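*Asks:* Sequence:
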Amino acid sequence: MKKYLIAILLALPLAVSAQDNTWERIEVEPVEKENPDAKYLAENAVPLVDGKVVFQTVIKAPGKSADQIYDILLKQLEKMVQEPNQIENSVVALQDRDKHELAAVFHEWLVFKNSALALDRTQFNFQLHVLCSDGQADVSMARMSYDYDLDRKPTHYTAEEWITDKYAVNKKHTKLYPISAKFRRKTIDRKDFIFKKFESLLNDQK
0 MKKYLIAILL
10 ALPLAVSAQD
20 NTWERIEVEP
30 VEKENPDAKY
40 LAENAVPLVD
50 GKVVFQTVIK
60 APGKSADQIY
70 DILLKQLEKM
80 VQEPNQIENS
90 VVALQDRDKH
100 ELAAVFHEWL
110 VFKNSALALD
120 RTQFNFQLHV
130 LCSDGQADVS
140 MARMSYDYDL
150 DRKPTHYTAE
160 EWITDKYAVN
170 KKHTKLYPIS
180 AKFRRKTIDR
190 KDFIFKKFES
200 LLNDQK
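Every letter in the sequence shown is one number past the one before it in numbering that gives the first Met the number 0, and letter 40, counting from 1, is 39.
Treat the hints loosely; a few may be bogus.
Simulated pairs of lysine to any residue, SDA-like, Cα-Cα distance not exceeding 20 Å [as the list claims (entries may be wrong)]:
#, residue 1, residue 2
1, K74, V48
2, K38, K185
3, K112, K59
4, K38, I178
5, K185, S89
6, K181, T157
7, K59, N202
8, K78, L200
9, K112, Y176
10, K185, Q126
11, K190, L200
12, K185, D148
13, K174, E42
14, K78, L93
15, K78, N202
16, K74, D133
17, K152, I178
18, K181, N202
19, K59, D191
20, K185, N202
21, K74, Y156
22, K174, I187
23, K38, K181
24, K195, R184
25, K74, L93
26, K112, Y39
27, K181, A117
These are computed hints drawn from the structure, not numbers from a lab. None of these values were measured; they are calculated from a predicted model.
Assemble the whole structure, with the sequences as input and the hints as a guide.
*Replies:* Quick look at the structure:
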């Protein structure tokens with residue numbers, strides 16, 4: 000009898016109340032994938048100061064004097080101009096302990112691709128300027144340019160005419176132009192590396 004009643008109940012149509020709309024298809028908003036170039040497309044990713052590309056940052060160094068900061072960053076700059084990626088004429092050009100001011104000129108390789116079949120790179124030229132004071136360092140990176148394809152057909156670009164929004168980003172600000180994109184990416188990455196390295200050195204508790 001029990002099995003008979005269950006069979007009858009299963010055969011009856013389900014009563015769906017007016018409030019029950021779970022059978023309707025629910026539209027789901029597509030998940031937007033993060034643009035891998037978001038960092039390089041961000042507003043002010045390549046800032047202009049009086050028409051020139053200048054990256055600037057203030058690095059805090061709590062508890063450190065201007066003299067201490069000067070010594071730390073001088074040592075780092077002297078190390079940087081001797082690194083394997085430097086070409087020639089990279090030098091710490093200004094050392095003014097009285098003003099706690101430093102400046103260095105760099106000519107180095109930025110490597111885009113390095114494989115058994117191809118080496119794609121550019122000579123990257125830029126200057127770093129450092130002004131130290133108690134508790135902080137004001138750092139800027141400027142006068143950037145590139146000497147590309149030196150072994151075949153050398154081409155010289157300035158940062159202003161090559162990696163700025165005007166020349167490297169489409170009008171909708173959603174994509175980088177293919178040719179100049181690698182220069183913009185590598186330049187921003189290099190800047191980030193240098194600034195973060197300075198920050199880590201100035202915040203070392205040793």
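*Asks:* Compare the distance between the alpha carbons of K195 and R184 with 20 Å, and conclude whether the hinted pair is satisfied.
*Replies:* holds (16 Å)
*Asks:* Are K152 and I178 close enough, with their CA atoms no more than 20 Å apart?
*Replies:* holds (16 Å)
*Asks:* So if I understand the rule, the pair passes when the alpha-carbon distance is 20 Å or less; does K74 with Y156 pass?
*Replies:* violated (31 Å)
*Asks:* Is it true that the CA of K185 sits at most 20 Å from the CA of S89?
*Replies:* It holds: about 19 Å lies between the C-alpha atoms, which stays within 20 Å.
*Asks:* Hey, K38 versus K181, does the alpha-carbon distance stay inside 20 Å?
*Replies:* holds (13 Å)
*Asks:* Under the criterion that the straight-line Cα-Cα distance not exceed 20 Å, is the pair K78, N202 satisfied?
*Replies:* holds (18 Å)
*Asks:* Is the straight-line distance between the alpha-carbon of K78 and that of L93 20 Å or less?
*Replies:* holds (15 Å)
*Asks:* Between K74 and L93, is the straight-line Cα distance small enough, at 20 Å or below?
*Replies:* The given pair, whose Cα atoms are some 13 Å apart, holds under the 20 Å limit.
*Asks:* Within 20 Å, alpha carbon to alpha carbon, are K78 and L200?
*Replies:* Roughly 13 Å separates the two Cα atoms, so the pair holds.
*Asks:* Can the restraint linking K181 and A117 be considered satisfied, given a maximum Cα separation of 20 Å?
*Replies:* Distance ~16 Å between K181 and A117 Cα, so the pair holds.
*Asks:* Going straight from one Cα to the other, do K112 and Y176 come out at no more than 20 Å?
*Replies:* The given pair, whose Cα atoms are some 18 Å apart, holds under the 20 Å limit.
*Asks:* Is it true that the CA of K185 sits at most 20 Å from the CA of N202?
*Replies:* At roughly 26 Å apart (the allowed maximum being 20 Å), N202 and K185 break the hint.
Going through the hint list in order, the structure does not satisfy hints 1, 3, 18, 20, 21.
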